[in-house]
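Top to bottom, those sequences are chains A and B. If you're matching positions, the first sequence starts at 1 in our numbering and goes up one per residue. If you're matching positions, the second sequence starts at 1 in our numbering and goes up one per residue.
With a cut-off of at most 25 Å between alpha-carbon atoms, the simulated DSS-like pairs for lysine-lysine come out as follows: (1) Lys368(B) with Lys388(B); (2) Lys337(B) with Lys205(A); (3) Lys129(B) with Lys92(B); (4) Lys205(A) with Lys368(B); (5) Lys205(A) with Lys344(B); (6) Lys344(B) with Lys293(B); (7) Lys300(B) with Lys480(B); (8) Lys480(B) with Lys254(B); (9) Lys10(B) with Lys232(B).
Only some residues are given here: those of chain B computed to face chain A with a beta carbon under 10 Å: (10) Gly323; (11) Pro370; (12) Leu374.
Because the hints were derived from the structure by calculation, they are not lab data. We put the beta carbon where it would ideally sit given N, CA and C, even for glycine.
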Amino acid sequence: MGFVYTGLYIALALIVAGILSWLFRAALVTVMPRQTARALRTAPLTASFGMLTVLLYVLVALFAPLIAPFAEREVVGAQYLAWEAPYYLGTDALGRDMLTRLIYGARNTVGIAFATTALAFIVGSLLGLWAATVGGWVDQLLSRFVDALMAIPALIFSLLLLTIFGTSVLSLILVIAAVDATRVFRLARSVAQGIVVMDYIEAAKLRGEGMWRLITREILPNAMAPLVAEFGLRFCFVFLSISALSFLGLGIKPPTADWGSMVKENAALITFGDITPLLPAGAIAWLTVAVNFVVDWQLHRASGLKE
Amino acid sequence: MDKPVLLQIKGLQIDGRSGDTWSPIVKGVDLTLHKGEVLGLIGESGAGKSTLGLAAMGFVRDGCRISGGSIEFNGIDLINAPEADRHGLRGKRIAYVAQSAAASFNPAHRLFDQYAEMPVVHGVSTAAKAQADAIDLYAKMRLPYPDQIGFRYPHQVSGGQLQRAMTAMAMSCRPDLIIFDEPTTALDVTTQIEVLAAIRDIVAQFDTAAIYITHDLAVVAQMADRIKVLLKGAEVEEADTRTMLSAPRDDYTKSLWSVRNFARAVQPAAAGAPLVSVQNISAGYGTALVLDKVSFDIHKRRTVAVVGESGSGKSTAARVITGLLPPFSGQVLFDGKPLPASYKSRPRELLRQTQMIYQMADTALNPKLPLRDLIGRPAQMYLGLQGKALETRIRDLLNLIELDPDTYIDRLPSELSGGQKQRVGIARALAAEPQFIICDEVTSALDQIVAEGILRLLDKLQSEFDLAYMFITHDLATVKAIADDVVVMQYGMVVEQGPKAEMFSPPHAPYTELLLSSVPEMDPDWLSGLLADRASALPAKA
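For reference, chain B alone in the conformation it holds in the complex:
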């Protein structure tokens, strides 16, 4: 890079406080960013990515402190500069785009007002000029109705649009550096594409430098000129994107790269009567129809992946099967016999057969109960185990999910990591000895490496206990890894369904095509190529 250096971080150390002790979060990281360059920061959660990103603004979160190193932005020492100077830089020269735009916008103000705040506060512009500028930027971000959308409140625009509006807002003072902290993690794949393209264009257009934080390698491959891999607060390696993707040096980086390689062994074709048969289900909340005549079958020992964007009705289908939401019409057969519509009228034996694993293990496990009770309760209830037999069963289950019983049996969920909590959720489902388990986005809140571990575990358990899975997800990589059959849903209807091999090879239904092509690939030219394809195929998407 011949461009001048914009940001120079040397040997940065940041400590976080837990109780009365300080422990290091970032352990001596160096970072150099030139003008107009995009640096990708990747790593698992807890790797210190966000902390490092915030530190680039000279900011640390409450309970953290900078204990060593230097941060120099454009020749200004950000650590020792007076707070007023740093304040003057933030928003004006350095901007920040947060993961959840919905949580970061003030719901009580219109987008224009929030856009204009920074330029006006920093004296760069007037409210009227900022508004004209906003319209221009909204158009550049390919937001629909750029001259009107600013008059809306945050809750009146979609998540993807909000994320773009936030990027436009970060651009409002034409900063030299923008920090993107997982800006697309909360979005569907199809929406993600639009946001990625918009961000990439605008950064290139204004020659803004950016730090792009994410845990998704395929995304960072599209966005960054260089990639830096972090692990537990320390740098693993750094290289320009193409080198990093084609020839990673470190073992950890290689393991990150290979995560997506897990695939379930191909199963024999489905035969015999289905275990669960969803027949012509229409359901919804109040008068709103969420599911419209949905039918699909789930066979023994098979995994059916139900795929679709948020709002496509996949979780509602699960709620109908479990009996939480009695359908308007249609029925669910279990082992050939119709299931009572409400879980309240199902006998205990039927309840036992269908278990559920939730997306957020944090809210799915009672935080006040130790693992002994969480896992033991279904075994006690359904199988009548008591005393010693129960204890043995709980220990067996803990061994199955690869947690050491002696260490973990009396722990509370808060004393476990995210992946371990999800394992406990699995053990709780297994404790009932069911035939059928519904997995509702079980890996989407987890890091890739942890998620892969969960998928492998689920696969192992499936062959061991002859389980049938209904696997709800929006992530097609997960579908590729674990599914036998795929059901694609959109607007509450089944768009396409069939065995995995058939679904992943053409011809596709148009929506399946869109979903499949929207999954980011590790190829750094993927996004450009895809956008070129789409531009030639369709008129510009709103």
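Looking at chain A on its own, in the form it has when it is part of the complex:
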């Protein structure tokens, strides 16, 4: 009978998720300004589910100390306790509360991943747009430099850089951002190359617009859709690289809660049929899927199929 219940639970969860997404979309449509609201109205339920999830993660990350029942590093009981109050998701190998660690993990892992992706995007897209707009030797120099960086496998390159600069959170962010900015640069440059040949760019140049305004007001808004889509994908990749680096011991240092290392620390439980170590993995997976839902929707819009 067990699997029937499991099936029912899954069906129920899907229905609840569907209803929540629908309500969330309806709420967004009424709150947002006209332009955004119109785009949102055509958003599929998956996209609004994705946005809802992202919002949930952001709230959890922001208010972690208020939500979490215990402190991040506090040893609260024996190791590997079962899922019972007050430890709703049990405890880990050192007797720290699992739920608390998961909540703080959102803050650390998601926060660092977001900062990294944002940095990679600001640097990569501005340079990419600049290179495409100016062309000539600036473009050649930047593009060939980026080609050279991209020739080195990403993980090996970040490992190398982290060994050189040490493994503080700051250097982690900077290193992964530098590696990922190269990919963003290529995308931004190729998108912008299609835009700079348009008449309205010529009109703006003839008007005497400066480079900064040309890039931010004339080119960027038109390159936004593919860049936003790429942002979502990049965010997931960055997330996975941080988790991978943490797993290798070069990422976020213990005792800071981090989903990647939490999987590693509690992996032994899996052999006893306990699914606790899958929770942080599930948290990563859920966010990745959610972000990709939003990205798919943006890609669909960018392709001009819906307008």
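With chain A's structure known, arrange chain B on it following the hints.
For chain B alone, coordinates are given in the frame of chain A:
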């Protein structure tokens, strides 16, 4: 007509989908076509001409559906026939010639291979026989080197030749019906003549029926036995060509006929120093010379039309004046002072004085900016307007171009029609309060009625703000309507220039003569007469 009926369309309704709702595109149109007859379909864009033309093949585009009526071709019900039957007819019994041959040919295959595809697929002929047939047809279409041209790839022949090759291809199975969808719209007037003559000959020769879709009345007058006028998916009126031209019944048809009647009031002769003086400009891209020692003047409050075929260098001249393309030699004077060669070294005040209106409003307006920013930016930048003053200025400009500010100020370009977009382009140019505006083919992407509205607006603004226009166009009807002075260009050189009255009365330079005589006239005998004249004057043109 005593000939048997070939195509019978009754009460045809076609819906198009936008979002989740279906709205009618073609609203109950009847159409009867006899064997060997040519029917002209005319109307503005959005009138449903192309949709109707495709429906004659039993085909609807994606996102469209036939919601009522019947289409009967030679006794076959095309709506309810199985797809395989329809497929068997297409290309074999009914063929289609698209507007842009360049976009419709597969660039990776030679013309012969594409010609032979249909006969071979339909089992009418073998590849070798089709090739021999192609040579014959190419000769009939008066293509140069008919026995060799088929070995070329589409990019190796000119646009006019490609359009003729496509017509020959449509003929390959000797269909009963060919649908021509604006086959000459993308061509220069001089090339258009050759294609029109070739199409007309070959249709007559094989007694093929044709539906000729166009928005150019003068063209349809040459081609069609009967004309049907469409407006917003419904038929306005139908009559045989001569009756239609001499005595149109409906008001809409009459307005179509009268569009070409707009003419700018005659201006006093140019006096004083020119505002813009182009002096001995030679320019080009890389080492290729596109402009060769070009000189002309533009005076205040006057419109200079620069005319020529594509590739004659008229747009390049505009690029030199705006500073986008520094010339190899020569200079441009503005108000008597030389302009720096590159726009980058011109001060903002000089940039303000010269504004540009583009051919394609779609690409000339940033699709992500609302009209408020599109029009407001030059005013903000050059005149330093802010806040309330800026808002007032934007509203004034919108009123000038006859768009209601309350409705339109926050719209995006995608929420406007083609003509409205072009008006916004004009408002953006005006916002800088310039003395000189370059209009680069501003009406050639628009329907005649809309284009006329734009020309009237430009004329009104010119007298109101004392503007000088440089009006680049290949359409001599537009020149007649709006120009004060005319500059005729060919191969990067000025062939002839002078005041309009002088240019439109003989004697002409030979090239001007050719251009002028190539402009289709509403007289249905015009093409035959012209071809007879040319045949007696020159040896057959390649």
